[in-house]
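Chemist: Start from the sequences and build out the full structure, keeping to the hints where you can.
Residue numbers (this note's numbering), protein chains in the order written: chain Z, 725 to 913; chain W, 5 to 290; chain S, 30 to 690; chain V, 37 to 107.
Quick caveat, the hints were computed from the structure, so don't treat them as lab data.
Heads up, the beta-carbon is just placed ideally off N, CA and C, and yes, glycines get one too.
Among the hints, erroneous ones may be present.
Beta-carbon label-pair distances, calculated as ranges [to be verified]:
(1) V:G61 with S:K468: 28 to 38 angstroms
(2) S:C224 with Z:A746: 16 to 26 angstroms
(3) V:P89 with S:P578: 50 to 60 angstroms
(4) V:G102 with S:E472: 49 to 59 angstroms
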Amino acid sequence: MHINLTAVAKANAGFLERVKAASGQDVAQCYQCGKCTAGCPVGYAMDEPPTRIMRLLQLSLKDEVLNSNAIWLCSTCATCTTRCPKDIDIAGVMDSLRIMAKREGRIKAVRSIDLFNDVFLGSVRKYGRVHELGVGMGHNLRTYKPFKDADIGTGLMLKGRMKLLPSKIKGQGEIARIFNEVRKLEEAE
Amino acid sequence: MKYAYYPGCSLHATAREYDQSTREVCSALGIELIEIPDWSCCGATSAHSTSHLLSVALPARNLTLAGKMGLDIAVPCAACYQRLRYAQIELDQNEGVREKVAAVTGTVYENKADVKSLLEVVASLDPEYLKSKIVRPLDGLKAVCYYGCLLVRPPRVTGFDDPEDPQTMDNLMRACGAEALDWGYKTECCGASMGISNEAITLKLVRDILQVAEKAGADCLVAACPLCQSNLDSRQTHINRAFGTGFKMPVLYFTQLIGLALGIEPARLGLKSHFVATAGIVKFAT
Amino acid sequence: MPRIGVFVCWCGSNIGGVIDCPKLAADAGELPGVVLSTEYKYMCSEPGQNSIIQAIRDHRLDRVVVASCSPRLHEETFRKTLARAGLNPYLFEMANIREHCTWVHNKEPEKAQVKSLALVSRAVAKANLLEPLFPSSIPMTKRCLVIGGGIAGIQAALDVADAGHEVILVEKEPTIGGNMVKLDKTFPTLDCSACISTPKMVSVSTHPNITLYTYSEVAGVDGYIGNFEVTIRRKASYVDHSECTGCGDCQTKCPTKVPSEFNLGLSTRKAIYIPFPQAVPNKPVIDAANCRYFTTGKCKVCQKICTTEAIDYEQQDTVITEKVGAIVVATGYQLFDWAAAYGEYGYGRYPDVVTGMHFERLVNAAGPTGGKIQRPSDQSEPKTVVFIKCVGSRDPAKGKEYCSRACCMYTAKHAHQVLEKIPGANVYIFYIDVRTPGKGYEEFYQRTISDGAVYVRGRVSKIYQMGDKLVVRGSDTLLGRPVEVEADMVVLASAMVSSSGIQDVARMVSVQVDKDGWLQEAHPKLRPVETHTGGVFVAGSCQGPKDIPDTVAQASAAAAKVCGLLSREELATDPMISTVNQAICTGCGLCVPACPYQAVELKTITERIPGHAPRERTVADVNSGLCQGCGACNVACRPGAMQVKGFTNDELVAEVDAICL
Amino acid sequence: MSVAPETVWEPKIIGFFCNWCSYAGADLAGVSRINYPPNVRIIRVPCSSRINPYLVLRAFQHGADGILISG
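Modeler: Structure representation (structure tokens):
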């Protein structure tokens, strides 16, 4: 099946501009040298490694990009950004793509990573700081693997490295305000 | 030397030994750390994967708190360090972001506090002064320094050391009498951010790092990040199970090794709470 | 008996590290004619050369053999050494014991030792028979012919003329300017092509040292370096240009319209026409094939309207001859006839599939659309334009194997122009590789990408018309996925091929044409504007595809070579050429067709033998200006009258005998 | 030519090489250090058209086992 570039350009008009606005990066500058994929620690597990993500973006193939597992598997290590000969912040583009995918509800590819983010930020929102035990267990419960990493968790606890209860900061109200205001502002946009 | 201290969430829990050793070493070296009162989480990877504005606004609160103290910020955690640096640069250079952050935090950000990693802070000491403080040099210890991602990348944000062959930690180890081995995985990602959500990938990445470290002939790995340290240390049992390997590579914070060289008691450096025993390393401090 | 000195060179360890040089020298000392045989570390060094000079004096040597590297490297060096010692430089022979021996047999030193002695024996055997040779001289005609009036010919003509030499510039079209003057803007600077080339065209027409023959073709070239005689056929223009004022009234009134060559058929011209407003000369010609008077016998409108009575229907082609000392060939290129080869792109039957040159005319403010990019089919503005590179280039199956070198850049320029002139346009460029090796070129390409051009790596497989769209079916090899675009217009970067008349020109000036149809330079790197025929130089894209900067640079290089030649009063010729012993020449003439350079002809001599009446006899004669010393005549000659000096029959036989031992 | 059974027979090959192409090619082989058997010995001619059949026969008469003409 041929990709009809004319139809794609029409259907996804403005997509590339939005990626550019969100990330501040011009992906058209990518000349497909492959260095990002070559250095990517997670590239081997991605359906569309970074170089192909850039190419798909150049052709405005929005669905392929936003439905890929790659944008979720990206560990944001920024090796790609550091080495890109065209000075494209590829990790930054990945951030923007994750955010876009989440807003469009396209998080099927690697649900657990998105879940982790939710649980993590939920903890921050609630206490002002992350409660690691709560995050780990919360994530496990929501991915239906309650005993995953239980050994590590127990180890940490025995070594006095895991707090059983979260510590709440005084300015928790300020944090909650930030979350609320950010959401309001972004929904308005 | 006086710094506003931003320990970050990990140092209050899983990385308590990093917090302990940091405080001990800084106190011994005359670096005064004053914890930022009521500091909050930087948002870490989850924030910048979810909302750009959130990823700047959460650190902004801490930058403002430190600014009020009139001190530069020392950050032991590499992830917090990079997020605070990133936020600082965004707030400085991007007026639109600055205005939005002011709107969501209700506070106007002023660029008063510079963000430094704890590694950078310790390395800024006069090397002769540091050497003069060494009482139990780590003679014969072969260490590989692991910088990971966020201390050195992207260089536009971090910038205090070379992103491909950083030397800051290596030089500190040498000052302590240890041998800092050259190796190829100084800045390879350990996948800590996916440790909970996608362990299979993390195990592979950690396995690779341990393998290269072992081949280089290292007695231990040295880390400067609580996420890297716990990832590299605590997952070795899982890795050995998954790959049939037999890793027992102690992973220490650079502050713990400096602490040993400074003659601080191992117990006060949190050396007992590691997954892989550190007793073999402690012996090097003579 | 000759007194030969043999000098064995160690060349450091290059020779000395493989074979035993003192032993070789000692063995060579036993060869017939050798009175001195010695060795030294570096024979070509100053002390090495001085030792040869000293030996020539001390041992009264009259022949020298150096056993060292290739004669192609140091023969000239040692000949000069002999001259410094007062010896004829041609009494010298080299044995190549480095490139042909120690460098290739370093793993078998014993065998290399034996072989090197054989090679030295050969050189000594030949040295025994060497004769002193003397270069002769030929006079120099200080005028230059330039064939082709494109930017290469214009530049070469102006440079030579500016240096003070007379130039004859011959152009087959009614105007000079060539392809460059048709272009809109030039990459990467985007300056207007006509604006930078028309002033040069005017300079040509007004230069006191340049004689311009337009609408003319070179019909024949005789002679040789320094002394060419050129026949030029001036086509009848049916307009007396000495009377014509170039007012253009005739062209306005002419009733016959035909497609304009200058605009590639995108507009029309009249039967009497000036190709474009800035043409040089700015005088019309009548296209007799389409002229109503010539085809029907009736009309004469132009004659009636012409106030200076310049129209002359009786005018005939004229033939003139010019003597020149040097020739610059600058016949340029034309575009590959893609429509004949690419059925998958429609064989030219879709009007909106055009070439890059058409696009140049469409985008040119002085062009048929006033610079508006329009589809030829319906004059609408194309919103989606596809460019396809390498059409006929890099396609050994359908076109040419080579890369046409300029297309990547002009396509980037075209894409930039579409995006600049048509707001909201979509531009797709199908490519195989993007090649931008020039100053500011990569930057320009990157700028085009920033402008919004989408580059797709992959060849287009098919174009077909669907409604008013052209469906372009290609693939994105970076993704490994087939793609298609619904385009309004498709522009093909068709290959550059050499001009249709190149074979004739090449034959006339005795220059080889390579497998792709381009003129063959003497050496691709070190003699890029010279040819194997003395006095004939190449400039511009007749030698291979090039862009304007390279063309102009090469034209100036050719001009510099011409000026160097014309600055001499006479020319020394290589003495190693054929010579006829007329006493034994039978006049059979077999050598004449054997000569690839037309250097041998038969002539009649009068022999006076005492006691006999004078008698006339036919013998062969060698033109030393033309002879390149190949020796084909020598082999053809049955009585052995014809000999290449330096490679005589006796010398070669002696070499064979010696080397076989 | 008679060959003693205990010695390995080595052919003697005479090459006639054009100065402008194959002689230069043989030089290039040298510059590139491409080893080949030392059995071939090269005579330089100004052009392969200069090679008279007589020279070939002469070489055979004088003990050559093979002739390589290249141009």
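Chemist: Now tell me if each hint is right for this structure.
Modeler: Consistency of the hints with the structure:
The given range of 28 to 38 angstroms is respected by G61 (chain V) and K468 (chain S), whose C-beta atoms sit roughly 35 angstroms from each other. The hinted range of 16 to 26 angstroms is not satisfied by C224 (chain S) and A746 (chain Z), whose Cβ atoms lie roughly 44 angstroms apart. Separation of P89 (chain V) from P578 (chain S) is about 51 angstroms and conforms to the stated range, judged on CB atoms against 50 to 60 angstroms. Between G102 (chain V) and E472 (chain S) the beta carbon distance is about 58 angstroms. The supplied range of 49 to 59 angstroms therefore holds.
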